[in-house]
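**Q** The residues making up each chain are set out below.
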Amino acid sequence: MTKIFSSSLRCRLPVLVAIFEVVLLVLYAVFVTYDDSTDAARQTNQTDPLQNSVYHVYPFFVDVQVMIFIGFGCLLAFMKRYGFGGMVFNFLTATFAIQWAVIVQGFFQFYHDGKIHVGVFNLLNAEFACAVVLISFGAILGRTSPIQLLVMALLEVPIFAVTEWAILKYLKINDAGGSIMIHIFACYFGLGVSAVLYRPCLNEGHSKEGTTYQSDILSVMGTLFLWVFWPSFNSSLTLPGDDQHRAIIHTFIGLSSSTLTAFALSALLNRKGKLTMADIQNVTLAGGVTVGASVDMMISPVGAFALGMIGCTACMLGYKYLTPFMAKKLRIQDQCGIHNLHGLTGLISTTAGIICILIASEDTYGPSLYQTFGLNPGEGRSASEQALYQVAALGVSIGVSIAGGLLTGLVLSLPVLAQPPDEFCFDDTLYFEVPEEFDNNVLPTRNRDMVAIKD
Amino acid sequence: MTKIFSSSLRCRLPVLVAIFEVVLLVLYAVFVTYDDSTDAARQTNQTDPLQNSVYHVYPFFVDVQVMIFIGFGCLLAFMKRYGFGGMVFNFLTATFAIQWAVIVQGFFQFYHDGKIHVGVFNLLNAEFACAVVLISFGAILGRTSPIQLLVMALLEVPIFAVTEWAILKYLKINDAGGSIMIHIFACYFGLGVSAVLYRPCLNEGHSKEGTTYQSDILSVMGTLFLWVFWPSFNSSLTLPGDDQHRAIIHTFIGLSSSTLTAFALSALLNRKGKLTMADIQNVTLAGGVTVGASVDMMISPVGAFALGMIGCTACMLGYKYLTPFMAKKLRIQDQCGIHNLHGLTGLISTTAGIICILIASEDTYGPSLYQTFGLNPGEGRSASEQALYQVAALGVSIGVSIAGGLLTGLVLSLPVLAQPPDEFCFDDTLYFEVPEEFDNNVLPTRNRDMVAIKD
Amino acid sequence: MTKIFSSSLRCRLPVLVAIFEVVLLVLYAVFVTYDDSTDAARQTNQTDPLQNSVYHVYPFFVDVQVMIFIGFGCLLAFMKRYGFGGMVFNFLTATFAIQWAVIVQGFFQFYHDGKIHVGVFNLLNAEFACAVVLISFGAILGRTSPIQLLVMALLEVPIFAVTEWAILKYLKINDAGGSIMIHIFACYFGLGVSAVLYRPCLNEGHSKEGTTYQSDILSVMGTLFLWVFWPSFNSSLTLPGDDQHRAIIHTFIGLSSSTLTAFALSALLNRKGKLTMADIQNVTLAGGVTVGASVDMMISPVGAFALGMIGCTACMLGYKYLTPFMAKKLRIQDQCGIHNLHGLTGLISTTAGIICILIASEDTYGPSLYQTFGLNPGEGRSASEQALYQVAALGVSIGVSIAGGLLTGLVLSLPVLAQPPDEFCFDDTLYFEVPEEFDNNVLPTRNRDMVAIKD
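Residue numbers (full-length UniProt numbering), protein chains in the order written: chain E, 1 to 455; chain V, 1 to 455; chain P, 1 to 455.
Keep in mind the hints are simulated off the structure, nothing from the lab. Hints are supplied without guarantee of correctness; some may be wrong.
Same chains, same label: a pair holds when it works inside one copy or across any pair of copies.
[As the list claims (entries may be wrong)] Keeping only pairs whose Cα atoms sit at most 25 Å apart, straight-line, the calculated SDA-like set for lysine to any residue is:
| # | residue 1 | residue 2 |
| --- | --- | --- |
| 1 | K208 | T276 |
| 2 | K169 | P14 |
| 3 | K328 | V196 |
| 4 | K274 | E209 |
| 5 | K115 | E209 |
| 6 | K208 | E436 |
| 7 | K208 | K274 |
| 8 | K172 | V416 |
| 9 | K320 | S7 |
| 10 | K172 | Y370 |
| 11 | K208 | T429 |
| 12 | K272 | L168 |
| 13 | K115 | Y365 |
| 14 | K328 | I355 |
| 15 | K172 | N45 |
| 16 | K169 | T47 |
| 17 | K274 | I19 |
No experiment lies behind these values; they were computed from the predicted model shown.
The task is simple: from the sequences and hints, build the whole structure.
**A** If you want it as structure tokens, here you go:
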């Protein structure tokens, strides 16, 4: 029972948030100002208000908002006793991560004249940093306190932002959908954290880890929101015009073929030939990641279709064989299987992107060849040089994320961060006031008497 | 118990999906290429990227995506033991139907120079073909295996696509919201299938057919998503400008008046004066269909309001009297009442469209008269001729859909398609791994002992 | 049992709705026509269809639709036995309120040449009137019949519309996010109604008033939809360009800081240091209201951040101390705490808006100073005069809303309006057919026998 008391959020959460807010407030006050499209003083009589950048960026921003807060929120609420935690800690962590990323990315990418200049484009960028944190969160879902999650966001956002900045500035890679910079980084960071927070007892399964009929449906809803808006995610940072258009249709086609494949494999790999909801909730989405690194290139519709199938197959086999192996042999527990949905697919995506670069020609791309590949014609990188830069970026992303994840994991192990005791993993009663009939409805019948006695 | 084994998806679903995927892959590889707005090589230095067609089409596409995957998905999840099936089979069927429609519609509408040319506009068109399949699905919900649903999509999409193409090319009708081509076609196709798959035992009611408090709420959420985005559905294929603007406000007004009417009639027709959730979930939407065939015309706001009321009343009376009659006397079971929500309303809509055409004048429409009615001034159709073409299209749509539905129903009766046995209709345990407490939570108390014994 | 019969909707709801519909139908027929962007006859060969106003307004309209029908609907469904009521009465009331507001606001704002001219902009305006009604509804949730709600909308919409019109025309205030005209008006109107409908017995708590695990999750989903789309709400009626852009980022930042603050205070004020779901569902949103009156001004990002924190703190303390005080001492029951989320925050927002006006300078705003503040340079109001007009508007809004609310409350007390008896407050069984297992699932175990006996 002492352990339960030590996980109280009463002092720690308010103190931590108060520190964050004061720091953010000071940084906002000292460093943050409007950018050219939000500053009233920089509009002239010649400015056409309807040409303001907000009209191009905001629709994508809103779609990604839906993915982060509603899509992720529902998807992570799949456990029978951890629906509040999944949805609400996602809300808290995402909100903090975006605000923090506005500042940190601001210093790296939007800083000039002594100020960070913000508009909705900064918020869209910050959402990508936030997505990184939420993917990593998937590895340790249910085993961490909200305090640990906030500290993880505190550390992960700057480590990500500096890596992103270095890759964009020095390596200049093609990665429109963020396979290398978002998915792979987030995956290996999360696994790094998880390795440090290893709990042997969870390998035997945990009585609170299952789902309910309702929580499975809620989680599928989250999947559907992610599925529907994923084309906006993958296309939101591409060049406008045909690049953005291709990113949308490739993502849609890739998701579709991975969805069909996921259903087939789910039935095939189940010994009773039934569908498994966890597969529907996760593996269907593999195509969205797999097309990422080449999503704006001329991969052709059939290329997107094939990538979706390949990524989905790798992801499904990962869930079936790799995740248990990693948990038992490598002592890396991966609660939501992010290594399958973001790691393996990210590696395939990176490879596909490199192949696309190697075979790109002015025949296929016309005069936009250099634009799509982010290269200045004068800069004189050859295709094979660019391929090497992509490999270098992959290496940097994996290396920094593993190191950063391990380091962050060490910090998260500090006892003051209110880590939940083993028996209260995946259990909302630890951090939430729950309705009185919670135990009656959620626990299997045979456990109800025990709860009654315990109370 | 043998019957349960014969409904296993283990071999059949993977084999079927694998065949589909290989066929799609080959067709994509051989026939599908980019269109003018997605092909990098066709952009020149004069191309303004912000004028790319994606910016006009994509917002409507996303809205329709939400309707198909989330709106339909939640709406169909209304049964107490068939929430997974409703939501997840909708996901599977929709994904396949869209990919298949991209190819099939591509051959009919977007084929030139030996290739199908795709952009997001093709995907939007394919979503309409998908909506046709999902509406038909409503007639046989809970009585079919996912294999049967995929085969239905396989057959219905080409039958629809050829009908659509013939009507658009030769009859040139006005049907912006798809009342004739989408709703009526889907309805009679679904009823044709259902007639062949008739199960006498279901007319006495089925113990698993009810709802739960949670499933009713989930289903209303689906209704609300459909309701909110329906104006995008009805307006997405109209001419840009005032036509599209009118389609939006007419749909909104029509839905509003049908919603008010649905509440009134629901209380009136219930002997205790209470509201029935099935009415709220379905009948409220009748106005969206009823305004369809004339949605971009100058029907005036009051016209949209009146159409919503009339369509809703017909739909409600259909649920109350016609559906039971059809099930018992005509041996046509209509699980979700698609004949009320899409058939009766579609017929009213068609009639209203014809009246609008007959009374249209250059006074009301100005110089856009010929445009709105899709007619070339030189073609010289009179209003009454156009009305006859509308009637002809209605006849074609009904005739082809009934024939196609009956034929498809015969195919679906093949034993190899894993049709569920009567006692496992409306039951997720047949095709899904369900959480262990599923039976405890969902079955009424008096059945729990039986389940325990059966296990 | 007589009371239950007297709350039947069988005659009253259909009669009331029928009257509404006939009146709306006549008003639509006589007075409503198309505006310049929806009337086909007013388009010329020079009209560029892609410049139609629908493309600027519709995206915001759809976002606000999601907030009203899905966001509010889910948020209000938080009670264990009143999920149908919360979601479905919201649907009914919103639908009627918008249609009614199109007419009433039409007469005040869009009436010329003997007609009300409508396009999607009118619908957007009507949604704001609808939001007023739904906020007021929050004060009396679960204690009112759908008939009372419709009558409330019938009275509140015109009282709001005339106030809005008078303030916009004569006082010309700055209130882009509607803090004064929407939130404060709605709040004090709702409290006025609630004061008249006071039920002493509810102050002791009501056995049906709690939540379930599922209803809490559903309600958080509603919060997330409101949170995600709130920037669209606050910016939809601002000037296009940088004003709209600022409104979006200020709202996002304000919501973020209020969310962080809400989590901190929720843990701090709970004696076990746990998070309370009602706080997550409501207090997180306080920042959206607090930035409202100055949302398009040059308040700077840090200003938005600070406003979110301040508004959230006031809102949280209001829930903790003011709501119980008002219920017990002032005999004003506020079911959803609208005085905290809309009243207190609205007052802070108004104050902030006045400060911004007083310190506005051409240095900060450039030549757009007069535009943003809605003032004609020739009109010659000084900043302090404008501040006085803001105060006057606040006074008018509070005064009219309290008076209107009290009056409306008196009308709602008429016995014919089917007010629920005390024991059937917060209970869907009164107005809905509920699934048979409803009582088994929702009631705590110890009450089940009683229900069984009662049946």
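**Q** Is the C-alpha distance from K115 to E209 at most 25 Å within one copy, between copies, in both cases, or in neither?
**A** Neither way: K115 and E209 sit 47 Å apart in one copy and 51 Å across, limit 25 Å.
**Q** Could you figure out if K272 and L168 sit no more than 25 Å apart (CA to CA) within one copy, between two copies, both or neither?
**A** neither (48 Å within a copy, 47 Å between copies)
**Q** Could you figure out if K208 and E436 sit no more than 25 Å apart (CA to CA) within one copy, between two copies, both or neither?
**A** both (18 Å within a copy, 12 Å between copies)
**Q** Is it within a copy, between copies, both, or neither that the alpha carbon of K328 lies no farther than 25 Å from that of V196?
**A** So K328 and V196 pass the 25 Å test inside one copy only (14 Å; across, 53 Å).
**Q** Could you figure out if K274 and I19 sit no more than 25 Å apart (CA to CA) within one copy, between two copies, both or neither?
**A** The answer is between: 19 Å across copies meets 25 Å, while 50 Å in one copy does not.
**Q** For K328 vs I355, is the C-alpha pair at or below 25 Å within one copy, between two copies, both, or neither?
**A** neither (35 Å within a copy, 62 Å between copies)
**Q** When no copy is specified for K274 and E209, does a C-alpha distance of 25 Å or less occur within a copy, between copies, both, or neither?
**A** both (21 Å within a copy, 21 Å between copies)
**Q** Tell me, please, which holds for K172 and N45 at an alpha-carbon limit of 25 Å: within, between, both or neither?
**A** Between copies only: 23 Å across, 37 Å inside.
**Q** First find the shortest C-alpha distance between K172 and V416 inside one copy, then the shortest across copies, and answer within, between, both or neither for a cut-off of 25 Å.
**A** Answer is neither: 41 Å inside a copy and 54 Å across each miss the 25 Å cutoff.
**Q** Which holds for K115 with Y365 at a C-alpha limit of 25 Å: within a copy, between copies, both or neither?
**A** between (38 Å within a copy, 18 Å between copies)
**Q** Please work out whether the CA atoms of K208 and T429 approach to 25 Å or closer within one copy, between two copies, in both situations, or in neither?
**A** Result: close both inside a copy and across copies, 12 Å intra and 22 Å inter.
**Q** Measure nothing new, just compare the shortest in-copy and cross-copy C-alpha distances for K172 and Y370 to 25 Å and report within, between, both or neither.
**A** So K172 and Y370 pass the 25 Å test inside one copy only (12 Å; across, 44 Å).
Of the numbered hints listed earlier, those contradicted by the structure are 2, 5, 8, 12, 14 and 16.
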